[in-house]
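There are 2 protein chains.
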Amino acid sequence: MILVERELMRIISQCKEPLSTILKNMFTGGKRLRPKLVLLSGLCFSPVNLDMIYSAVATELIHTASLIHDDVIDESCFRRNQPTINYIHGNHIAVLAGDYAFAKAFEVLSVHNLHRCKDYFVAAIQEMCHGEVMQAVDNLSIDEKYYFKIIEKKTASLISACCKAGAVCGKASEKDVEKMGLYGLYLGCAFQIVDDLLDVIGDEVEVGKPVGHDLEEGKVSLPYIYFLRESPLGSKYHPFLNDRYRLLKVKSQLISDLKKSEAVNISYAKAEEFSKKARDILSELPESVYKKLLVELSFEVVKRKK
Amino acid sequence: MILVERELMRIISQCKEPLSTILKNMFTGGKRLRPKLVLLSGLCFSPVNLDMIYSAVATELIHTASLIHDDVIDESCFRRNQPTINYIHGNHIAVLAGDYAFAKAFEVLSVHNLHRCKDYFVAAIQEMCHGEVMQAVDNLSIDEKYYFKIIEKKTASLISACCKAGAVCGKASEKDVEKMGLYGLYLGCAFQIVDDLLDVIGDEVEVGKPVGHDLEEGKVSLPYIYFLRESPLGSKYHPFLNDRYRLLKVKSQLISDLKKSEAVNISYAKAEEFSKKARDILSELPESVYKKLLVELSFEVVKRKK
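Those protein sequences? They're chains W and B, same order as listed. Residue numbers for the first sequence follow the working numbering, beginning at 1 and rising by one. Residue numbers for the second sequence follow the working numbering, beginning at 1 and rising by one.
None of these hints come from the bench; they were simulated from the model. Among the clues, some could well be false.
Which copy? The list can't say, so a pair holds if one copy fits it or any two copies do.
Simulated pairs of lysine-lysine, BS3-like, Cα-Cα distance not exceeding 30 Å [unchecked claim]: (1) Lys249 with Lys24; (2) Lys24 with Lys145; (3) Lys145 with Lys16; (4) Lys16 with Lys175; (5) Lys292 with Lys16; (6) Lys24 with Lys236.
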């Protein structure tokens, strides 16, 4: 990971100003989940090699580019405990900085001839866009099934691509590449459910962004779905569901009621279920210290507080 | 060009809804300058082949993606005589639709193993972002030299990449690829100067977007630079230059004064100069009907009314 970090910073500092400084700030303080997954997935099959490092770097560039654009889309002001690029520099610079980071990622993959990894990431970016669009359309009345479709596309697709890319760099067999992809898909779903939970019950400082933001954006995530559909406390909010403005006026009451309901536990159970599915896939792969770390990661993703 | 158009429409209709419909509208009515340049540059060196078609398709996807994001950045409401995606569907969908079109372009280039073309386009996208950022920073006091740097990056770099990509698909020698790149660079500069002129003196219906838009965005293009620096009529606007709000209040008067000044003719002369440089490069290449068309294009780019 030190090599990944060094290469990432080298690439960003090579960018022209003011993009270099803007991106440097944005890259400070992420969890680096995606590069970690590329490396661990690769190391399950072979000793470390440069392909893994470059793929890991590219995936963090792609992920950060998508975060920068997400912040434009959601008009977010805080991310990773810092003001967002759109907040400081405006949408203008933020859209461009995102495009630039995407292009840099593809440059890294091209220069190092990582064509298969690039194919996975290109497909994942399209899925991510499609998932975000699905979320934007008619989002106050979605059900559990539709929610899972959305998170698979908008989050799990890239995480799955990371694991496949790592495996390819580690020269895994086609079957094992597919297995790693499936591990990533389940892990990604668990990760996003917890992300959505933290948006409701998380600590603002630890999470690095305001709580209740999803609801403000009209995004009805899994805890809201369970709360509004199944909890007796939730039924009183049904008349508000067609009116986002009225819903926002009762936001703090709604979140406080949700925390008292079973919705949080049921959502966590669902995340555990995905996390368990991810581990089950790993059981089919040969034992190694890296596989153990991937197993650990599947627990951490659910337990995390930020 | 019919094959390019068919392939472009096939790719867009394969996209998932609602992105497919949104993109289809956006792709209606463009000039298709960039795909045309890919084809003509390739045909100068070999008969038509599929690589040229796919590169041409990718370049129109990249160009349109950048227009979609430009419209978000500039908060534009009209483009190609239609309301923009951000105007109809909001920034949300527009940012995503742009990202999606970028990803589609790279998918096309990857699937068909057009790695060199992809390298040119990746570098051009980075230049484009950097040019746009340069334009955003301190833009009311730029001079001619800085303006040429901006247009080289934000417009000419992609047009140059198109010509190089076409030449590579036509299996031109390295020297000829470089020459075609230089032709594209000069042509791109001429094109952008005229684009900026049309923003001042063009017909709104023909151009397909409102006139005077650049000034509203605080973009001081070449005719404004010549007018404000060299025309006696321009000097009266100097006190307004540090105050965009006051400048906008006198916008129609400023544009009317500019039209009476020599700034329009001097700008056109500069566009002619670039156009001539582009033709001079072509004179070093073997004669062909396609070269003649590229020569013609260098005239058209300056003469166009939209």
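Okay, the hints, checked on the actual structure:
1. Lys249 with Lys24: neither (37 Å within a copy, 38 Å between copies)
2. Lys24 with Lys145: Intra 38 Å, inter 29 Å, cutoff 30 Å: inter-copy only.
3. Lys145 with Lys16: between (44 Å within a copy, 18 Å between copies)
4. Lys16 with Lys175: between (42 Å within a copy, 28 Å between copies)
5. Lys292 with Lys16: neither (41 Å within a copy, 38 Å between copies)
6. Lys24 with Lys236: Intra 46 Å, inter 43 Å, cutoff 30 Å: neither.
Going down the numbered hints, you'll see the structure goes against 1, 5, 6, while the others check out.
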